[in-house]
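Asker: Start from the sequences and build out the full structure, keeping to the hints where you can.
Single-letter residue listing:
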Amino acid sequence: MLLINCPWCGLREETEFSCGGEAHIVRPLQPEALTDEQWADYLFMRKNIKGDQREQWYHSGGCRRWFNAERNTVTYKFGVTYKPGDPAPGDDS
Amino acid sequence: MKGYSIFSLARHAVGRHKNWPRAWRDPEPRPAYDIIIIGGGGHGLATAYYLASEHGLSNIAVVEKGWIGGGNTGRNTTIVRSNYLWDESAHIYEKSLVLWESLSQELNFNVMFSQRGVLNLAHTLQDMRDVYRRSNANRLNGIDSEVLTPEQIKQIVPIINTSPDARHPILGASFQPRGGVARHDAVAWGFARAADRRGVDILQNCEVTGIIRENGHVKGIETTRGQIMANKVGVVAAGHSSVIANMAGIRMPIESRPLQALVSEPIKPVLHTVVMSNTVHGYISQSDKGELVIGAGVDGYLGYGQRGSFSTIEHNVAAIVELFPIFSRVRMMRQWGGIVDVCPDASPIISKTPVKGLYFNCGWGTGGFKATPGSGWVFAHTIANDEPHPLNAPFNLERFVSGALIDEHGAAGVAH
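Chains as they are written, first to last, in numbering that gives the first Met the number 0: chain A, 0 to 92; chain B, 0 to 415.
Treat the hints with caution; some may be incorrect.
As the list claims (entries may be wrong) - Result set (SDA-like, lysine to any residue): computed pairs, CA atoms no more than 25 angstroms apart in a straight line: (1) B:153 with B:116; (2) B:355 with A:51; (3) A:46 with B:116; (4) B:64 with A:50; (5) A:49 with B:153; (6) B:64 with A:51; (7) A:49 with A:34.
For the record, the hints were derived by calculation from the structure and aren't laboratory data.
Answerer: This is the structure we're talking about:
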């Protein structure tokens, strides 16, 4: 069983968590200005990276808070986890 | 290369079966083909076969990064059925089921298709409403389907627990008698051999590393065995569809997830039909060798690792033991995972793409095996004519822009 490091609670078993998919997808600020193609891109299109991917995770069986995680989708090994709003690791912005 | 028959079997028995010819060639890649199929699983090989047999094309290569049938084709639980809710799905899966019924003869290869019936259990009142709705929809589409009471289920499967005291009591089921199972390896081998005999080159250990494009038109592929040119490329890469799409600069609405299965030690015949339950997340059948073949729901996270979490297996086995208390002490022999490509509407994409000459057949998610012949048949039509067949026209990539989704989530009676 994987141990996942919740930034609020620390290491917990994976059955306490659910994965919310790709992280850092920004909701359009001007929804009315979007074309159908842009909506489709926002709603449905995903990077689905083979390798290190940034994802949203939800500590559903614990503190019930969301956080972001860098995880390898081949080895399933977790890298850093960080709170929403915090800059992603390696990002200067 | 001679066909398989009772006479060839007798002839080779005399020679102690030492002189069977190899079933397909192992050619070197040629510099160019008319059509390249990326992915040597059941769907890819079926596509190549139907391109040859239905459309008279034979200058075709199937490229496979590993060995044929080594991906999801050899990792599924081999269930075949066509009892889908929506018309679009029902039509394409029923086309596939009809092809299954004569596939062994067509391919001259015994795919061991066994129409032993498929039961989809209902455990709640809402499940029952869904079962009635789906069963009626199936019958309107000419697909065999019956709604059974717990007593009728017990007659078909005496070992199932229909006690009203169960945690998830069985209230009824839909039953498709024409559904069943097939030998999954034989499907890959049968299509490979039949395609090879029609001149298709099957190139194994040949991983695609790039898609060559020029002015928005596909020109060929880069592989670990060199550059291969073609004006038409069909991608049937299942869990790795996003990886290939990325090489061609296309965004896909797909997430890849591990889907696990396990088999038990062989036991005497005890379960002669397929039992599926959406609510408790498990499905089970017994192979001709006697092994119980058990499938789980998909794992909770994205992954390419061809293995999943033990907790998913635990949940799955708990469901099976609840349905069949008699199996509580059966030992499991093997457990594995396959990487399934899941679409937001749980329906496949069999479509042209923004790159001319590049076609995608993906997004089959947890239910691709049953569609193998039908998928290959419509995809061959799409590639040969540069136009989808009416059966796969609704399964285009544009539906995610237009909103014309085919929402089979839950409606399919599938354990997701």
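Asker: State for each hint whether it applies.
Answerer: These are the hints, each one checked on the structure:
For the hint pairing residue 153 of chain B with residue 116 of chain B, the CA-to-CA distance comes to about 14 angstroms; that is within 25 angstroms, so the pair holds. For the hint pairing residue 355 of chain B with residue 51 of chain A, the CA-to-CA distance comes to about 31 angstroms; that exceeds 25 angstroms, so the pair is violated. Restraint check for residue 46 of chain A and residue 116 of chain B: not satisfied, since their Cα atoms lie roughly 39 angstroms apart, outside the 25 angstroms limit. Taking the CA atoms of residue 64 of chain B and residue 50 of chain A, the gap is about 18 angstroms. The hint holds against a cut of 25 angstroms.
Taking the CA atoms of residue 49 of chain A and residue 153 of chain B, the gap is near 45 angstroms; set against the 25 angstroms cutoff, the hint is violated. Between the alpha carbons of residue 64 of chain B and residue 51 of chain A the distance comes to roughly 22 angstroms, so the proposed pair stays at or under 25 angstroms and holds. Between residue 49 of chain A and residue 34 of chain A the alpha-carbon distance is near 29 angstroms, which puts this suggested pair outside the 25 angstroms criterion.
Hints 2, 3, 5, 7 from the list above are not met by this structure, while the remaining hints are.
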